[in-house]
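Take a look at the letters that make up each chain.
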Amino acid sequence: MTIEAAASNPLIADTAAAPVIHPRWVRVTHWINALAMLTMIGSGWQIYDAAPLFGFEFSHHIALGEWLGGALLWHFAAMWLLAINGVVYVALGILTGRFRRKLFPIRPREVVGDFVAALRGRLAHDDLAVYNAVQKLLYLGILLTGVVILLSGVSIWKPVQFQHLTSFFGGYNTARYVHFAAMTAIVAFLVVHVTLAVLVPKSLRAMLTGR
Amino acid sequence: MTRLRKPLPGVDPKLLIKDAAKLLPEPSRRFFLRGAASLGALAVLSGCDIIDGDTSENALRVISRFNDRVQAWLFDPNKLAPEYPESMITRPFPFNAYYSQDEAPDIDGDKWQLEIGGLVDNKAPWTLPELYKLPEVSQITRHVCVEGWSAIGSWQGVRLSDFLKMIGADTKAKYVWFQCAEGYSNTIDMPTALHPQTQLTLKFDHQILPRAYGFPVKIRIPTKLGFKNPKYVTAMWVQNNDAGGYWENQGYNWFSGL
Chain A
1 MTIEAAASNP LIADTAAAPV IHPRWVRVTH WINALAMLTM IGSGWQIYDA APLFGFEFSH
61 HIALGEWLGG ALLWHFAAMW LLAINGVVYV ALGILTGRFR RKLFPIRPRE VVGDFVAALR
121 GRLAHDDLAV YNAVQKLLYL GILLTGVVIL LSGVSIWKPV QFQHLTSFFG GYNTARYVHF
181 AAMTAIVAFL VVHVTLAVLV PKSLRAMLTG R
Chain B
212 MTRLRKPLPG VDPKLLIKDA AKLLPEPSRR FFLRGAASLG ALAVLSGCDI IDGDTSENAL
272 RVISRFNDRV QAWLFDPNKL APEYPESMIT RPFPFNAYYS QDEAPDIDGD KWQLEIGGLV
332 DNKAPWTLPE LYKLPEVSQI TRHVCVEGWS AIGSWQGVRL SDFLKMIGAD TKAKYVWFQC
392 AEGYSNTIDM PTALHPQTQL TLKFDHQILP RAYGFPVKIR IPTKLGFKNP KYVTAMWVQN
452 NDAGGYWENQ GYNWFSGL
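Protein chains in written order, with this note's numbering: chain A, 1 to 211; chain B, 212 to 469.
Hint data in this document are derived by calculation from the structure and do not stem from the laboratory. Virtual Cβ for every residue (Gly too), placed ideally from N, Cα, C. Among the clues, some could well be false.
Per the computed footprint, the stretches of chain B lying under chain A, defined by three or more beta-carbons under 8 angstroms from a beta-carbon of chain A, are [unchecked claim]: (1) 271-280; (2) 365-371; (3) 423-429.
Partner residues aside, some chain A positions facing chain B, computed with beta carbon under 7 angstroms [stated by the list, open to error]: (4) Phe-58; (5) Gly-69; (6) Ala-77; (7) Pro-159; (8) Gln-161.
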């Protein structure tokens with residue numbers, strides 16, 4: 001769905017005067033990240049298949065790039081989009097105070113309470129501008145996972161030039177497992193994230209129109 | 212990356228993609244985005260009814276050349292690849308090629324010569340006994356394959372930078388090109404050729420290089436991916452033009468530094 005299509009939706013039109021939940025820079029970086037991340041995951045699966053770490057392979061119907069060489073070209077192209085967009089997002093998140101306002105403080109008791117409420121289907125979504133404690137924890141967690149997948153990826157790409165980073169991740173072979181685990185965490189997050197966006201459509205609308 | 216087009220009425224975009232793919236010559240089809248059509252990722256780009264193979268492939272190649280420059284810039288000519296104790300050598304060290312082990316070149320060491328060419332003062336070819344007499348260096352380093360797996364091996368031979376100086380190579384030239392017995396080839400950048408661990412390898416684990424690992428000569432480059440380590444080498448040219456290589460020409464990144 002495009003932004004224009006969303007704006008012509010009557011459900012959305014009557015809330016046009018509502019306060020902005022997601023400023024433009026959040027929405028732009030969010031969707032660039034979505035594109036870059038899916039390209040990285042799809043091509044990463046194809047690369048994984050060339051030398052699987054576990055006893056399974058990803059279907060070539062869902063992996064990107066046709067063969068290893070094509071997948072590597074996609075992976076090492078999309079990495080720039082992912083990294084540059086990620087740096088812009090994190091920098092703006094810190095400089096504008098958005099991270100501080102939205103993600104902190106995270107209180108363990110609230111996390112437990114909101115998690116239980118969510119499982120019971122009783123978690124309120126009255127104000128999309130305020131994240132519940134589970135959301136805060138997940139969004140902070142996925143940010144840190146993004147840092148881990150980027151750095152473990154660099155340590156696999158450059159185990160000689162950045163050998164200290166590679167050592168930090170336990171050496172070349174272990175870094176591959178770390179990179180894979182981070183991908184798994186991101187895919188798991190995506191499943192929950194997309195499911196919840198579908199269950200609470202106004203959150204998707206907010207990420208498209210800002211309101 | 213993509214061209215935006217309005218869908219043509221009555222035309223299945225997926226079939227169009229297939230037909231377009233048939234028009235492309237075989238080598239350039241290899242990156243064609245078969246996976247992309249079904250990948251949810253690019254379904255996001257639902258405006259793109261036709262993902263143009265040529266356009267995206269050209270863009271990806273341009274970015275890959277950019278990545279070559281980034282890697283050349285990152286390459287530190289003095290940074291050594293980590294070395295390992297003998298106990299960590301992978302045994303058996305894997306044979307790896309685009310053909311099976313019994314299809315590997317079976318070279319007669321008595322007749323073999325290393326041909327030297329290009330920007331070099333002394334172009335006389337080298338025989339194996341002559342090469343065996345040169346000062347030997349040794350390394351136990353990690354071979355990292357483009358596929359992702361890695362193995363630790365032990366290689367002995369002549370430091371390539373010493374050999375290049377010995378034959379009067381112009382080390383201001385940009386590239387060194389290697390030709391192999393089975394038709395394989397590689398071009399490497401001069402800074403990598405001059406790296407202290409880049410080796411004209413004659414032995415594996417202190418034994419004459421076996422056929423599986425590239426007899427009689429392999430070029431061991433622990434700062435590059437495995438496919439940039441040619442085996443069964445028959446010729447070495449110092450030159451200013453990039454002659455490409457077997458896999459590089461099919462889309463693997465040219466620099467492929469570690």
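Here's how the hints hold up against the structure:
1. By the rule of at least three residues with a Cβ nearer than 8 angstroms to a Cβ of chain A, the coverage given for the region 271-280 of chain B holds, with 5 such residues.
2. Against chain A, the region 365-371 of chain B contributes 0 residues with a C-beta closer than 8 angstroms to a partner C-beta. That does not satisfy the three-residue criterion, and the hint is violated.
3. Residue count for the region 423-429 of chain B with a Cβ under 8 angstroms from a Cβ of chain A: 0. That is fewer than the three needed, and the coverage hint is violated.
4. Checking A:Phe-58 against chain B: minimum C-beta separation of about 10 angstroms lies over 7 angstroms; hint violated.
5. This hint holds: A:Gly-69 has a C-beta 4 angstroms from the nearest C-beta of chain B, less than the 7 angstroms allowed.
6. Hint status for A:Ala-77: holds, given a least beta-carbon distance of 4 angstroms to chain B, under 7 angstroms.
7. Below 7 angstroms, beta-carbon pairs count as interface contacts, and A:Pro-159 has one with chain B at about 5 angstroms; its hint therefore holds.
8. With its C-beta approaching chain B no nearer than about 5 angstroms, A:Gln-161 sits inside the 7 angstroms limit, and its interface hint holds.
Violation of the numbered hints given earlier is confined to hints 2, 3, 4; the remaining hints are satisfied by the structure.
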